[in-house]
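Taking the hints as your guide, dock the two standalone chains into a single complex.
Residue numbers (this note's numbering), protein chains in the order written: chain A, 81 to 331; chain B, 10 to 506.
In short, the hints are calculated from the structure, not lab data.
Fair warning: there could be bad hints in the mix.
In silico lysine to any residue, SDA-like type, Cα no more than 25 Å apart, as pairs [unchecked claim]:
| id | chain 1 | residue 1 | chain 2 | residue 2 |
| --- | --- | --- | --- | --- |
| 1 | A | K325 | A | S127 |
| 2 | B | K468 | A | P177 |
| 3 | B | K479 | B | V499 |
| 4 | A | K208 | A | R196 |
| 5 | B | K495 | A | R226 |
| 6 | B | K468 | B | G426 |
| 7 | B | K495 | A | M182 |
| 8 | B | K468 | A | I207 |
| 9 | A | K186 | B | K450 |
| 10 | A | K237 | B | D453 |
| 11 | A | K237 | B | K479 |
| 12 | B | K450 | A | Y139 |
| 13 | B | K479 | A | P221 |
| 14 | B | K495 | A | F206 |
| 15 | A | K100 | B | D454 |
| 16 | B | K468 | A | R196 |
| 17 | B | K468 | A | V174 |
| 18 | B | K166 | B | L284 |
Quick caveat, the model's predicted, so the values are computed rather than measured.
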Amino acid sequence: MSLLEVTNLHATVGAQDQQKAILKGLNISVNPGEVHAIMGPNGSGKSTLANVLSGRPGYTITDGSMTLADADLAELEPHERAQLGLFLAFQYPVEIPGVSNMEFLKASVDSLARARGEEQPNTAAFIKQVRLLATSVDLDPQFLKRGVNEGFSGGEKKRNEIMQLLLLEPKLAILDETDSGLDIDALQVVAEGVNRYKNENNGVVLITHYQRLLDYIVPDFVHVLADGKIVQSGDKSLALELEEKGYAWLT
Amino acid sequence: MSQTSVDDLVEARSEYSAGFVTDIESDTLAPGLDEDTVRFISARKNEPQWLTDWRLKAFAHWKTMPEPKWAHVHYPPIDFQEISYYSAPKSQADGPQSLDEVDPELLRTYEKLGIPLHEQAVLAGVVNANVPPIPSMGSNVAVDVVFDSVSIATTFKAKLAEAGVIFCPISEAVHSHPEIIQKYLGSVIPQKDNFYAALNSAVFSDGSFVYIPKGVRCPMELSTYFRINERNTGQFERTLIIADAGSHVSYLEGCTAPMRDENQLHAAVVELIALEDAEIKYSTVQNWYPGDENGKGGIYNFVTKRGLCGGARSKISWTQVETGSAITWKYPSVVLRGDDSVGEFYSVALTNNRQQADTGTKMIHMGKNTKSTIVSKGISAGFSENCYRGLVRISPTAENARNFTQCDSLLIGGQCGAHTFPYIENKNNSAIIEHEASTSKVSDDQLFACQQRGIDAEKAVGMIVNGFCKEVFRELPMEFAVEAGKLLEVSLEGAVG
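Looking at chain B on its own, in the form it has when it is part of the complex (with noise of 0.2 Å):
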């Protein structure tokens, strides 16, 4: 009699659908840190002076500190000399000057991808040439792509620019918006911040470089791709996001690597600055190579992201769907220094087979009436371990702050874990914070119920999923609420969908 149950489901084996290689010529740098690594990536990007210096300063402090254990996940030592910390395709270091130039596997990798990089011309450099729109997106998002260590290519521009909006790789605008960079890079997240900030300020290669001016809105979304391509290498991208006075703009980012068997470190730094009434929306779409169902392989994914809601009634909100990464360590906060500033986090954060997560967020409240929402879905399946962290502090500067907390698990079958390590520290009296967690299965007769009116256990389990996960997926922009639904059923194929 063939039956299914919840933990034959687990079981079986999940697809990783962007698993594939990209067969191109690369210049990699081989393995090893030392100055000297440092000292090349800055001369590639014909970096100024004084950012060699201050990657210079953040290599420095990185020797002295020692690797993070704090977390709830387990993994053996880093060997930081075996990784390689550039490579970039080799067709773009000549720079190609047509479409025929630009190598065909990097246009196949976009078209396996899913990104909507039609606009040929666009990619190859040159500038002037009409943009068909989009179709698979809709016309109305602009895409930056990062593969390995280099922006590959930054799409629509010259519409952007008409409205004042700059987004660009931020190798680019180093060269550019020197003063912009100058001022902002490290201001949320310092250099010596944690030892991967301090890694990625010494090493980071490329990213997304935003700027809003003062009263814009963004006319289109936003969004970045970033792909890890080669063996060996790590990928250390940097984000940097300044929306300024009264401005607005939402921003996704989307990630994949191939199969590999050995791991792979990802550490990235992202910073957003808020400045008066402006308000910063970043969705992230996360879907690294989590690795085999034995936990071979995968992405480490240590990344640190931050906010500043530096001017008075500005608003940041993180919302994040998580499904890839061997293990991810990860904590999106933002530092309410505004009066009346908002921070959020919308967290969906998913593990299958033997993945590890501990991820939350931070929300710091300084200034006056600040208010602060999370809602943290974490759902476990398999062997893996699923955890939320979460500080919430507030200063004794934060007259009337407002804290919302919704922490909720699911566990799929009876081998995975789910943890909750919230940590409240209020320092002022006039604080309101609230609480609140859930814990709860997605059961055998839950299951059978669904299957008894006709529909198949992994549809099932997709739809109980998708249903837990609700909350969060409204937050996400239109275009990609969707494509968040049906990667969390592709991830749990196997224990889910």
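So here's chain A without its partners, still in its complex pose (with noise of 0.2 Å):
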């Protein structure tokens, strides 16, 4: 049984009245183990792709299916999906101020483990937890006190979303261009936070632009996404083809 299924997918963006095709009948499947990597041109439509597959408002979906575990995305509100195991690890992510990140960690572990019907955590261990992963992806447990993302770098931001990825421990992690921004020395914190998370039951979406994230996370197939739609798959070699020669030849 594949994880993530996604079958003939269009989807248009803005309100009603003028509304823009994006994605144009996007076919991709993966299987509990798998690390996927998306590439292609800007505007070519790969974080509608993760939006689409979270929930966030806006997107139209005019065709096709997507199915995580057998359950209907489209179905399920966005916090339905997540409590389903579907993460995304944001390309921006926004600062919540007034709400501290462990306020926010805790908020979000308990109602995963309640749509679970699980135990939620005892919130001293939970605490202990949260500060070693932390120090684990390079974040100074200070900043869990902080407000959400509130005054964090680029780089911290990035880093913060790969300790949530630790801790929630989803099915399906959709990393949208979490290497943008990064110095070299950030990047390899993300990718070994994601090389700690995947093992033989989860998937990986990772959609990037550059070549160099994939020396680190190395995957399974990579897809090229131009106009809306998968135009070439392969293995790491073609994203090593696709550095050396650009887009141009496959749309």
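So this is what it looks like as structure tokens:
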């Protein structure tokens, strides 16, 4: 059984009267244990795919289907998709002033536990776990007391996303250009975190512009997305080829 | 595809959980207002002549005053002849002698309100009863309950009396402590202060009276719950708190009203007096019925609250959580007359649907080295309008006065408004006055970020709003900080939580 199954997905963005088609018949299948990289030129629909899968408002699905572990994602609210095990590492993590990181993480973990009928973690043990995880991605545990992403640098925000990935252990992780704007040290921390997360039971979808991330997180498949469709798929050598030749030969 | 954005949430309907009507027999005065009404109320309370005259003087002046129009609120003209100025539960008029005689509907009302009136013997007026501890609030809160126009019950009177603290209905204090009432009533808010204060002075029915003697730290939190029940009645309560030299008291009021289609008027007056080295902490959780989502019904909350830091080093602190009322018009203020006195105002005002709030404070610095702090958090959702209006006045005598004001607005959705009207009048060049202000919005992106981590939208907005209000909640007595947080979530139901 595949983990994520996207079939002939068509989606538009914008209000009712001025919808713009972005995804135009996209297919992708991710099995447990696999890492899929999605590359492609600007405006090809990479971030739209992440947004549509996770249920961000503002998009309309006009055709096709998407399932996670056989559940129809389109039927679910964004928080229900998260509870089902879908995780999106944001390209631009937002700041939530007044809500501390720790409080936010506890609310998240508690919501997930409640939805899954599991016991909510003991607060003291939870705080200890989060502090350890923060340290493991080079985030000062002091950050946990501050507002969510409040005053964080770009690199700190991305490391915060990866810490959340490690904490929540989702079934499917979608990383939307998590490598953008990172220096090489931060990139390695992020990659190390993703590698630590992945196992034979979960899947990773890496959306990226650049091949360099794939030096650290080795993909099983590389797909090229252009004009709302996958136009080419291959193994990691495809990424190297793209690095060399650009996208023009494919589109 | 099912999606939730902030705007969708705002459109959903909110629920008012205190909107039940209590079906009890009441003794209600027919609508209308003239000198006879004033005399009737005074006679009903067996008041001394000086107080009847005091009321009549207020009434005579009120007739000459125009309604204030300067607030940023809009409502149709109020017909003051359509309002009933006195209503009392009937059973109370006869004076229940035992618990069995207390109207069971009334008891159920308290239970629904969560008022810990388990001291049922006290409620029935049996003074020497064995008083069990209050389970839901801890045993450290004494409660006075004002139902429509009369005070129903005051708990823990005996224990407070041991410490010399007087906590009783003001109508009772008029008889038991006339010298204190005569000295202080209207001393901070004169009868002619403003239109609604004058009206209140003429027709006030009941309220709480507190006196803390010299050097006494009040052994428990004092609390009053106000409830408007009868149709077409106004509530005009009057509260007077005096903290004598070196004393300390913390006081909390809570308010609810049934859901009614028509608007009801609530025009209260609260006067606080802190003498030398005394401290009064006054907290309000205001949850009057706000009207429905189309703005039908709800309470007009036109209230005058002012404290006088009369003695040196005295301190008055107002903390308010305002979530209810169709219209709120309220500026709890502090007159800093004593040298080195301190005034504080911490406010959370939340408006949803068609609610309107014009609220803030006045800090009047007169003494030397006086200090004031203002922290105001306004949250607007739905189609509501939320205003902060504040005055900081430094008199020529107020050497080295210091004020800090922080004024933050949070907008939820795209149809509401937030306004800030800060006035600063400085007549002493040694003053230091700071003003900070910010406006922010709960964005779709923030909401989605929470949802993507499994937190549903209502919980997410509740969390963001609670985070926004943290600085103010910290100032509430512990028992009520949690309650206030929950109240915000309920009030934002539909819009937020």
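Taking the hints in turn, this is what the structure says about them:
1. K325/A / S127/A: holds, 23 Å
2. K468/B / P177/A: holds, 16 Å
3. K479/B / V499/B: holds, 17 Å
4. K208/A / R196/A: Answer holds: K208/A to R196/A is near 23 Å, not above 25 Å.
5. K495/B / R226/A: holds, 23 Å
6. K468/B / G426/B: holds, 23 Å
7. K495/B / M182/A: Satisfied, since the Cα-Cα distance of roughly 20 Å is no more than 25 Å.
8. K468/B / I207/A: Holds, at roughly 21 Å.
9. K186/A / K450/B: holds, 23 Å
10. K237/A / D453/B: Satisfied, since the Cα-Cα distance of roughly 19 Å is no more than 25 Å.
11. K237/A / K479/B: The given pair, whose Cα atoms are some 24 Å apart, holds under the 25 Å limit.
12. K450/B / Y139/A: With a Cα-Cα distance of about 22 Å, the restraint between K450/B and Y139/A holds, given a limit of 25 Å.
13. K479/B / P221/A: holds, 22 Å
14. K495/B / F206/A: Since the Cα atoms of K495/B and F206/A sit roughly 24 Å apart, the hinted pair holds (cutoff 25 Å).
15. K100/A / D454/B: The given pair, whose Cα atoms are some 21 Å apart, holds under the 25 Å limit.
16. K468/B / R196/A: holds, 17 Å
17. K468/B / V174/A: Cα-Cα ~17 Å, so holds.
18. K166/B / L284/B: Roughly 23 Å between the alpha carbons, so the hint for K166/B and L284/B holds.
Violated hints are absent here; each numbered hint is respected by the structure.
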